[in-house]
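Produce the complete structure using the sequences and hints provided.
Listed here are the chains, written in short residue letters.
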Amino acid sequence: MEKEIIIQIQDLEKTFRTKSGDVHALRDINLEIRKGDIFGIIGMSGAGKSTLVRCINLLEKPTAGKVIFDGIDISGLEDAELRKMRRSMGMIFQQFNLLMQKTAEENICFPLEIAGVDKRKAKARAKELLELVGLSDRAKSYPSQLSGGQKQRVAIARALAPNPKVILCDEATSALDPVTTNSILSLLKDINRKLGVTVVIITHEMDVIEKICNRVAIIDSSHIAESGSVEEIFFKPQTEAARRLVYPEGDQLTQFGPVAEQACWRIVFDGNSSFEPVIAGMVLECKAPVNILFADTKNIDGKAFGQIVVQLPEDVDIAERMLKYLRSKNLTVEEVRGYAG
Amino acid sequence: MLDSQMIWLLVQGIGETLYMTLGATLFSYVIGLPLGVILVVCAKDGIKPCLPVYRVLDVIVNLTRSIPFLVLAVWIIPFTRLITGTSIGSTAMIVPLVLAAAPFVARLVESSLLELDKGIIEAAQSMGASNFQIIWKVMLSESKPSLLNGATIAVTTILGYSAMGGFVGAGGLGAIAYNYGYYRYQTDIMLITVILLVIIVQVMQGSGNKLTSHADKRKI
Chain A
12 MEKEIIIQIQ
22 DLEKTFRTKS
32 GDVHALRDIN
42 LEIRKGDIFG
52 IIGMSGAGKS
62 TLVRCINLLE
72 KPTAGKVIFD
82 GIDISGLEDA
92 ELRKMRRSMG
102 MIFQQFNLLM
112 QKTAEENICF
122 PLEIAGVDKR
132 KAKARAKELL
142 ELVGLSDRAK
152 SYPSQLSGGQ
162 KQRVAIARAL
172 APNPKVILCD
182 EATSALDPVT
192 TNSILSLLKD
202 INRKLGVTVV
212 IITHEMDVIE
222 KICNRVAIID
232 SSHIAESGSV
242 EEIFFKPQTE
252 AARRLVYPEG
262 DQLTQFGPVA
272 EQACWRIVFD
282 GNSSFEPVIA
292 GMVLECKAPV
302 NILFADTKNI
312 DGKAFGQIVV
322 QLPEDVDIAE
332 RMLKYLRSKN
342 LTVEEVRGYA
352 G
Chain B
241 MLDSQMIWLL
251 VQGIGETLYM
261 TLGATLFSYV
271 IGLPLGVILV
281 VCAKDGIKPC
291 LPVYRVLDVI
301 VNLTRSIPFL
311 VLAVWIIPFT
321 RLITGTSIGS
331 TAMIVPLVLA
341 AAPFVARLVE
351 SSLLELDKGI
361 IEAAQSMGAS
371 NFQIIWKVML
381 SESKPSLLNG
391 ATIAVTTILG
401 YSAMGGFVGA
411 GGLGAIAYNY
421 GYYRYQTDIM
431 LITVILLVII
441 VQVMQGSGNK
451 LTSHADKRKI
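Going line by line, the protein sequences match chains A and B. Sequential numbering of the first sequence, starting at 12, is according to the numbering used here. Sequential numbering of the second sequence, starting at 241, is according to the numbering used here.
Check the hints yourself; a few may be wrong.
[As the list claims (entries may be wrong)] SDA-like mimics (lysine to any residue), calculated; alpha carbons at most 25 Å apart, straight line:
(1) B:LYS284 x A:ALA75
(2) A:LYS151 x B:GLY359
(3) B:LYS358 x B:TYR294
(4) B:LYS459 x A:GLN105
(5) A:LYS113 x A:ARG131
To be clear, the hints were calculated from the coordinates, so they are not data collected in a lab.
Laid out in structure tokens, this is it:
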């Protein structure tokens, strides 16, 4: 059974008026985010993804269209109601945006303080959250005394303080090193699982999507190019924008010009077990070497996605056997000429 | 020379100078702080943009700041008399001091608040903070070190203005330097007042710096 929808975006549009004319930041955006999803929105810089996430909590007012949150059209709310609604939508940022003159604990208490929660209750909640994000010993530290990853943990705790239903992450890991990124991503996944909070992630890194998202929308030049489950998008990217993100090195295929005169074969992995050494198995079975010209595969939840381009031996019989072997493993194999890509 | 009468005069002078300086600083902030906040809030990328208000205040602040202090002090004598009942003495001097310093304070406050990272304000908005909460709990609270630093600049500048007050009948060290050092050629008195003024400014600047760095949690 499909889970219920928590955020629904209908025909959303955002136009910025500038001196040099109107800029259409978002056009014709339709999205459905379900309860408990970790929903990724990915796009290149300038595609409009930051504007899109700000339209969800109405930090940016959409020019047209609706944002329905938990059954209520929030695009038409009065200021006071809007502020109340925002308490059920936490947000974390690339630059953390912590209050620099307040301790970690005071930062986490801050959203509760502005919501008028009793000080003692707020402190107890902060303690609980510091524990959840693994920073119990840093309650009295100021942001300047924390590392980037720790700052983002405080920011996550702060976003969680008012018990939100959704957490919006605007490039939350883009300012962090890869190791810290992973730990923040697993913290988000943890929170999603433990607390059932829906997570919306804006990013330009496919890695982030791969690691924790279950659904993804690809935004390209102001509109949604494609959306669906992460596996679907990896398996069969339908649009140019999606292919560019899934295989960012795709253009390297053209670099093997002279070799490509001969017949080459593209093996497409679309969810086979990544534990099975297919190519090595083929080589051992047929007792002939192959030349791998290009490989870009990813491991998602134990399944392999991606493609490998190989040059098979000139001996037609051996080549035939190899193709047979690959097809017997349920792989799609197709001949490519000149790496048209 | 430096007899007990002269010493008493100097002590009184110090008292009057401090009274004028601190009194004027206080009232300058009473007027200048809200003015600075309004300038930031109403600016084009402020949290409640209101360009007409911004432009009017901006012009007023610039106009007041372009009038030389001595000219202003003389020009507004009728207004000073209306408020304090007199146009001479330290209390009367506070009026032109405030009028001259408030716009300056407004600019200092404005630039302190503009230093603040816009992302922090956005974060507060995303938590559902009202504009008033953002001004009070985010903008002013986060800018505290910078505001204190500005206040140090303001207080020393106002001290400098207050010494000019000697010309228009206010008391204080400025008046002593003027009346004794200049008119009576008592260079020793002149020197003493100068030294006293330097010491007062140093103390103010020093304690201001200390307060600022103590308040700033970004550098621990």
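Verification of the supplied hints:
Of the pairs offered as hints, the one joining LYS284 (chain B) and ALA75 (chain A) holds, with about 23 Å between alpha carbons and a cut-off of 25 Å not exceeded. Between LYS151 (chain A) and GLY359 (chain B) the alpha-carbon distance is near 23 Å, which keeps this suggested pair within the 25 Å criterion. Our distance criterion of 25 Å between C-alpha atoms is met by LYS358 (chain B) and TYR294 (chain B), whose separation comes to about 19 Å. This hinted pair checks out: LYS459 (chain B) and GLN105 (chain A) have alpha carbons roughly 22 Å apart, not beyond 25 Å.
With a CA separation close to 17 Å, the supplied pair LYS113 (chain A) and ARG131 (chain A) stays within the 25 Å bound.
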